[in-house]
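Turn these sequences into a full structure, and let the hints guide you.
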Amino acid sequence: MNEFIFLYRGGMNNQNTPPSAQEMEAQMKRWQAWFGKLGEEGKLKDWGAPLQREGKHVAAGGVITDGPFSEGKEVIGGFSIIKAKDLSEAAQIAKGCPVFEAGGSVEVRPVQAM
Amino acid sequence: MAPSVHAVVEHLFRQESGKLAASLARSFGLSKLDVVEDIVHESLLAALTSWSFHGLPENPTAWLHRVAKHKAVDHIRKRALESREAEEILPALSAASHTLTFEHNFLPGEIEDSQLRMMFACAHPGIPVESQIALMLKTLCGFSVREIASAFLTQEATIEKRLGRARKYFRDHHVTLEPPVGAALTDRRPAVLTALYLLFNEGYKRTESEDDRSSADGLLNRDLCLEALRLALLISKHAEIRSPETDALVALMMLLAVRFDTRTAEDGSMVLLSEQDRSQWNQQLIETGMEYLRRSEPDVYTSAYHLEAGIQSLHVTATTYAETNWAAILGLYKQRYALTPSPLVAMHMAVAVAEVHGPQAALELLDAVPMPEHYLYHAIRGNISLKAGAVESARESFHSARTLTRNATERALLEARLASLEAGVA
Numbered sequence: 001m002n003e004f005i006f007l008y009r010g011g012m013n014n015q016n017t018p019p020s021a022q023e024m025e026a027q028m029k030r031w032q033a034w035f036g037k038l039g040e041e042g043k044l045k046d047w048g049a050p051l052q053r054e055g056k057h058v059a060a061g062g063v064i065t066d067g068p069f070s071e072g073k074e075v076i077g078g079f080s081i082i083k084a085k086d087l088s089e090a091a092q093i094a095k096g097c098p099v100f101e102a103g104g105s106v107e108v109r110p111v112q113a114m
Numbered sequence: 001m002a003p004s005v006h007a008v009v010e011h012l013f014r015q016e017s018g019k020l021a022a023s024l025a026r027s028f029g030l031s032k033l034d035v036v037e038d039i040v041h042e043s044l045l046a047a048l049t050s051w052s053f054h055g056l057p058e059n060p061t062a063w064l065h066r067v068a069k070h071k072a073v074d075h076i077r078k079r080a081l082e083s084r085e086a087e088e089i090l091p092a093l094s095a096a097s098h099t100l101t102f103e104h105n106f107l108p109g110e111i112e113d114s115q116l117r118m119m120f121a122c123a124h125p126g127i128p129v130e131s132q133i134a135l136m137l138k139t140l141c142g143f144s145v146r147e148i149a150s151a152f153l154t155q156e157a158t159i160e161k162r163l164g165r166a167r168k169y170f171r172d173h174h175v176t177l178e179p180p181v182g183a184a185l186t187d188r189r190p191a192v193l194t195a196l197y198l199l200f201n202e203g204y205k206r207t208e209s210e211d212d213r214s215s216a217d218g219l220l221n222r223d224l225c226l227e228a229l230r231l232a233l234l235i236s237k238h239a240e241i242r243s244p245e246t247d248a249l250v251a252l253m254m255l256l257a258v259r260f261d262t263r264t265a266e267d268g269s270m271v272l273l274s275e276q277d278r279s280q281w282n283q284q285l286i287e288t289g290m291e292y293l294r295r296s297e298p299d300v301y302t303s304a305y306h307l308e309a310g311i312q313s314l315h316v317t318a319t320t321y322a323e324t325n326w327a328a329i330l331g332l333y334k335q336r337y338a339l340t341p342s343p344l345v346a347m348h349m350a351v352a353v354a355e356v357h358g359p360q361a362a363l364e365l366l367d368a369v370p371m372p373e374h375y376l377y378h379a380i381r382g383n384i385s386l387k388a389g390a391v392e393s394a395r396e397s398f399h400s401a402r403t404l405t406r407n408a409t410e411r412a413l414l415e416a417r418l419a420s421l422e423a424g425v426a
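Heads up: the protein sequence lines correspond to chains A and B, in order.
Oh and the first sequence: position 77 is 77 in the numbering used here, straight run, nothing missing.
Oh and the second sequence: position 121 is 121 in the numbering used here, straight run, nothing missing.
Think of the hints as simulated: they come from the structure by calculation, not from any bench.
A few chain A residues facing chain B, derived, Cβ under 7 Å:
1) Ser20
2) Ala21
3) Met24
4) Lys29
5) Trp31
6) Trp47
7) Ala49
8) Pro50
Quick caveat, the model's predicted, so the values are computed rather than measured.
For glycine and all other residues, C-beta sits at the position ideal for the given N, C-alpha and C.
Written out as structure tokens, the structure is:
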């Protein structure tokens, strides 16, 4: 088993309109179902965490600027660590991610083994 | 068992968002209502993302309040660094004492007080009554624009405009949350009571299908009714602002709440008043409701709330549907109609007319008043036609009602009625 970082881009907390109670409930249930399924299948190494939207960007020379660093739908909203046989299986797993329902995407990156 | 995601989210949206807004508005002032709403919105979003990953926290309400407090303090700090605007946000307060006030505003007793202040502050005479009510429903009761539009029977764009103008007024006039005193305060009470009445109604007409997630209408539940009742009680218990109308409104809400559990069968289908199991009615609520009705002095005052509470009191104290004092109910409806001669009142009155003077008289009443294209009108008309033996006309009415309703439970009931009609005729 290899490990993969899932970077969730957009679709997490970049909505400009307030979510309705129904949307919020539906989204929470989708994510819980997603993590629940991965856990049961033994694919989940670490749930990871959602990230707050604000941030700082530190460049060479000590220049610090405020985030966000990219367009709303490009902002990384959270990450998880997934276990899979290879990159293609990891990508298959990512297809089931609820981030798509909110217009986001997943970047799948293999963790370089020691 | 841990509360369901559904229950927690509903609770947060319906009750906590209003409490948050009220607490925050006390620090920021109503002129910064957009900032307040942004913070509430951001806090809900933070809850959404965090809980999606980590599951529900042990105390979701405390979690939300904590996050909102952080965001509010952050906001003020940023503002203080950026500009002099901080002075405008909190005129006389230094940074230290301001934090204190802030914590203070989140204490339970203060939250209730904040909500009362907020209600009466929203009922500002500088903006039209419809806007006052829309604002209360939006900021204090967690209504979406769509839900407000549905309560007012109007378009979402209209509500957006009303809210926008109200916010602008508060901003332009630097309105604070300081409640007015004396007559200026009590002058605002009718609008506040109307908002609570609408809030309760909105919950009540949808309680039938609170677990049905398929309806597109954005289902609410009895939480909404209980919240309206809680807020009405806050006013009723407040020595300076209570009034007979407030007591009557409390009585009305309680007497309607008596039937919460008997309005739906176990399978979720709707049970009509005539078929409800009256032994299951909440006796304690009946007693308390009747007590409030007495306190409201219905012999002296005859507001719409007094009359409607009176009607409900006759329903809940009748031992059977047949033994209901329909003549007295009809008398109250006539007074109610004299107060507001609206088709909606006439529609409900027709049910009493049918019981007292027979279905033909009720149909004549319905024909005499221009009726709205409302599912309830057609449903009532269908029932009365059926009593009059006009099966074909009843069928037409039930068909229209089924087309118009947006509530799945009501639709199911109407379809059952139509099916039994088909079976009866065949």
